[in-house]
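Modelling step: build the complete structure from the supplied sequences, incorporating the hints.
Those protein sequences? They're chains A and B, same order as listed.
If you read the first sequence in the numbering used here, its first letter stands for residue 1, the second for the next number, and so on.
If you read the second sequence in the numbering used here, its first letter stands for residue 1001, the second for the next number, and so on.
Note that these hints are calculated values from the structure, not bench results.
Cβ atoms here follow ideal geometry from the backbone N, Cα and C, with glycine treated the same way.
Please note that a few of the clues may not be correct.
Sample of chain B residues at the chain A side, in silico, Cβ under 8 Å [stated by the list, open to error]: (1) Phe1097; (2) Ile1104; (3) Ile1250; (4) Leu1253.
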Amino acid sequence: MKRYQIVIAAAVVVVLALLPIVVTDQYLLNNAILVVMFIGLTVAWNIAAFGGALSLGHAAFFGLGSYTSALLLLRFDINPWIGMIGGVFVAGLGGLLLCIPLLRLRGPFFTLASLAFVEVLRLLSIYARGLTGGSEGLTVPSRPGWLWMSFLGREPYYYIVLVMSVVTVAISAAIYYSWIGYQLRASGSDDEAVNALGVRSSRLKVFSLVVSAAMTGAFGAFAAQYYFIIDPDTNFSYVLYALQPALNGIVGGMGTVLGPIIGAVLMTPLGEYLRDAFTAEQGLSYIIYGVVLIVVVMVMPGGLMSAIRTGTDRLGRGGRRRAAAAVSKELEPTREEVKP
Amino acid sequence: MQIFIQTLMAGVLLGGVYALVSVGLNLIFGVVRIINFAHGELVMVAMYMTFWMWQLWGFDPYVSFFIVAPVMFLVGLALQRFIIQPIQGSSSAMKIFVTIGVSIVLQNLALYLWGGQYRSVTTSYTTSVLTVGGVNISVPRLIAFAGGLLLVGLLFFFMQRTLTGKVLRSIAEDRDTARLLGIPVSRFYMFATGLSAVLAGVAGVLLTPFSSAFPLYGAQITLIAFIVVVIGGMGNMVGALVGGILLGAIQTLTGTYIAPGLQQVVLFALFIVVVLVRPQGLFGAGVGTEEVGLK
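This is the structure in structure tokens:
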């Protein structure tokens, strides 16, 4: 990472930290929290995508994080901050479990296995009524104050989720620019060649999926505190927490550092806006959303990041062509002189 | 014992429909090499078509087959020509996302147009039952099972014996060589996707007399069909048939003897176990499966 990139990133974080001073409207603040949370979720999902794994199972880790933290609080009166660490741990274990199909299957079949993983956990959390409260879910008691991570206003939640997302982005960038990131990306483009060169890509894939799962679990624990209520259909929701981060990542540019952030910043408000704009017409918002997805994938198969990259390349090439034309113009008289 | 046979019977009949859906998925997967996440949505759309033709014009569900099948063929052609073909060369992640996009659009189109309520057809034979040796067999379910069996048989014959079937198999086996031999591969892709959509449509028609149509019906059945395909082996028609029946039987037996809430959990668990122990499926895989991700 270059120094100027770090400076820009720090400036963006400072601006975001100052946001609640300007934005006092609670509705807008809720949207800001959602955007920042989905930046974190998408970036966490994307860590697994460095090695080429396309997971549609991250809702499993989100739900595991939510339920672990909430159950620790309800059953054992354990502080939600510690509960969050518990959520990270359990979600990481879940990630380890999903590593078995990750190492055995490639491409679409890992994606399918990850999807089945979410469904199993969702159905089990409905079934295990005694532990999880079944489909009604659990209600997290409110004890306002920093000690119990529970507040009446939205500002503290915003700061908590902002810190979490900044940490997630920092971890993602650290992995991306380290040797682990280089080897992972290489294995994502040609796993066999990388293995032939002596890189043990399996370990790296396990590492990236477990880190990715653990970070997702942290956001799940945060959501349990923020929403107060958790239930199987929301916290293990394939659409909300598995498809959505993957979608943001694909739109922005899977496997890059900046892509998922751009994707989440663009797609989350779009989703919220469509849902608010078409509340009367059931389903219309998702129709538009689906069409946007299809068009983006068909027009820019590498996501926005690769489109930007080819765009600047083309501009660059255009510039060089113009320069070359200018040079040949200068040379033209000489050529004429050569003519007999 | 009586309950056991009754449950097993219901499971086998259910499995026939699973097989029918899976064979269509297997076809597009084996030939076009695309994982179609919208396959279940095609079944759902066909169910709605059948329902509305019954509701508005009083068509018997089995009669509407003659309208649903050609319409679904056209839907399949359009899907291949305008959605899949432009991204045929891109990575598998992109293909997955495009078909997921199609499934999101179809699900919500159904929700938008027809609402979230369950739509069911009531005919004179909806509740009619055959009793054989003390075991009750629902007639529409039996028709669906027989229809499924018949279609899988026809498709098997078609793929093995006709020239078109042979061309499709040759494309499945080696696309590039087929192209070198002058086979218009993209046109046969359109045909294969159309045929796959017809199979989804027929499944929808056969399901309508005893299942309600609702927008999320497809999401459930897609995942189950994938499990059948993986268990039966990619590109393996007979495997899909046996796998479908096996899955149907396991599902109903779980519902009766363990817990109704765990039916799908057991199916998914079975899927994960099969994938880990025998990734090529129980009955062996077709060629070229490594291209789509199975080692």
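Right, here's what the structure says about each hint:
no. : hint    : in the structure
1   : Phe1097 : holds (5 Å)
2   : Ile1104 : holds (4 Å)
3   : Ile1250 : violated (15 Å)
4   : Leu1253 : violated (17 Å)
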